[in-house]
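Peer 1: If you read the sequences in order, they're chains A and B.
Here the first sequence is numbered in the working numbering, starting from 4 and rising by one per residue.
Here the second sequence is numbered in the working numbering, starting from 83 and rising by one per residue.
Keep in mind the hints are simulated off the structure, nothing from the lab.
Ideal placement from N, C-alpha and C gives every residue a C-beta, glycine not left out.
Any given hint might turn out to be false.
One side only, chain B facing chain A, incomplete, derived with CB under 7 Å [claimed, not checked]:
#, residue
1, Leu89
2, Ile119
3, Leu169
4, Lys188
5, Met201
6, Leu366
7, Ile371
8, Met373
9, Ile375
Just a few of them, taken from the derived set where beta-carbon distance is under 8 Å, the chain B residues facing chain A [as the list claims (entries may be wrong)]:
#, residue
10, Leu153
11, Phe254
12, Val258
13, Ala277
14, Val278
15, Leu280
16, Ile322
17, Trp324
18, Ile335
19, Leu376
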Amino acid sequence: MDRFPALTWGALLFLLLIGSSWAGWLDSYTQLVILFIGINIIMSASLNLINGYMGEFSCGHAGFMAVGAYVTSLLTVWFFTSGSVFGPALLNSHWAILLFPLLLLIGGLAAALAGLMIAIPSFRTRGDYLAIITLAANYIIKSAIENIQVIGGARGFMGMTRVVNGMEAVWEIPWMLIWTGIFVALTVVVIQRFIRSTYGLGVIAIREDEIAAEIMGIHIRKMKMIAFMLSSGLAGVAGGLLAHVLGYINPGSFTIMKSTEAMVMVYLGGMGSLSGSVLSAVLFTLLLEVLRPLELFKWVIVPLLLFFLMLFRPEGLLGHRELADVFPGLKRFYRSEGK
Amino acid sequence: MTLALFLQNLINALQWGSFYALIALGYSMVYGVLLLINFAHGDIFMVGAYFGFFISAFLLGAYALKLPYALSPEMIFFLTLLLTMALTAGVGVTIERIAYRPLRRKGANRLYVVITALMVGLILENGNLALLGASRKSFPELIPRVIYHWGEITFSNLKIIVIATTLLVFLFLQVVVRRTRWGLAMRAISYDRVAVPLMGIPVDSIIVVTFALGSSLAALAGILFALSYPVLEPYMGALIGWKAFIAAVVGGIGEIRGAFVGGFLLGFIEIFSATVFPSTYRDLISFGILMGILTFRPTGIFGLARRTKV
């Protein structure tokens, strides 16, 4: 337990959240905001791996989110609900509790495979040209989904609410909160361990100087492939979670706008700062909710705030540092990491 | 596909290619000088169209404040064009001055400037939506539409104007970039951005000129677009801007010729894929082809691969 005090605190917070929503102390709106925060943490942390640690400029993250969302939703709806598209349910909804995380991971895997679409061009292409490839990849994924009529095309796909209701019918606890919490923890731990590993050092070396990194014996292609696939896979998981939180997805929800949100969170928190990404995901989601009463002006004020942030603090909130570097007092929660 | 159908589509493709090319030019020139992807450029196109709307409505006497005398239709068209281009150029230069220059002075990471550009674009789009409301504006018909028939092919005078203007702009820019001192300075900056300021070339003024030129071309595209498809809405610049940017990159960003070739290429691919396949496949096919081009020619059609010295 005392190897990861930070994780222990996280687990306590998680249990507290679940306990209070189970007891009915949190209304469904607060729960929804917490779910959005969790999903946004996964989005920004995974995008930070590419845009922050590897120093590439990927602006099509929502595309991979869409792949994960559709694959997971199709599988859960196919397995656990009876409908006109897939016929009767294959499995009892008891199984949903066990299989849901697995299906989320399969969605993530599909998104990781879609990530190859930009990983392979990235061997030869760098910088702004790669940015276009990611942008085009986002359009291609969105347009491809729109053209598959079986899964609803541009009309979207629904039925995930029944899957979640099925899980809650078996055991009345806030399932989505639990799954989101688990996958947020998984994302943060995986990325943190990845960055500290030799792979992560390789990825950071690519950012600093690709040619020097190659001379030092880093397998550039392997590193890029792993980083892109890990990042897009996690985005796919976030997509799967979002689909089940909202209960309805359509290709229009995964446009460049959604990718822009993810990018904003990364740059708000600071490139190459995992705790910055988590922090900015929390702040950004809360900001959007706080400004909701302003309606139309929300989307003027949010960019304006970020614009001023960029003018006065262009490196983001934590640029290239972790929270523990800014507040050394926090280091004791990481005791076993360094010394 | 019969020859007539082919020619008909060719004209449409040239028209759409013209819009893409005019917008792509702004991306390309700014990128050549600053290495900045100016993501607000698509929205500057939108701003241009709106300026054009208000100016032409004023000149046509639609508001309480009127000109003392009526102008001839040709005069109104040219005045609208000139005033819009000048005003939009002002907007572009202002954005550069208050958003990008301070960041450049601070030596911020290039990507943060790009994010700022994205934010500026969002502010323009949503500011417009918040100020003017969601109602669509319909652009006045400044040039009476004349339809010509030639065999089985039909085309309007607007299409001819759009295509001819774009070609004239291409020639004009070639002259500016190849023959004038400003053009020489622009090319010098994109060739070596360390040595050029040391040679006494005023980099900041060159950047201002570049932004003014790029923005006024976007305004020109905005008016031509609004004349051909007379419905204005705040998000009209977003999609066409992203597409034009992709076209600029495929042509080889930082190259005048590249922006034109990329823009027309995108126009052709879009129109012809829509005639052969169902039109919902248009984006899928065109972006697929563009991605293929970039995978095999990573720096675009005209872009030079710069060797990195070790």
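Peer 1: Name the hints, by number, that the structure is in violation of.
Peer 2: 1, 3, 7, 9, 10, 11, 12, 13, 14, 15, 16
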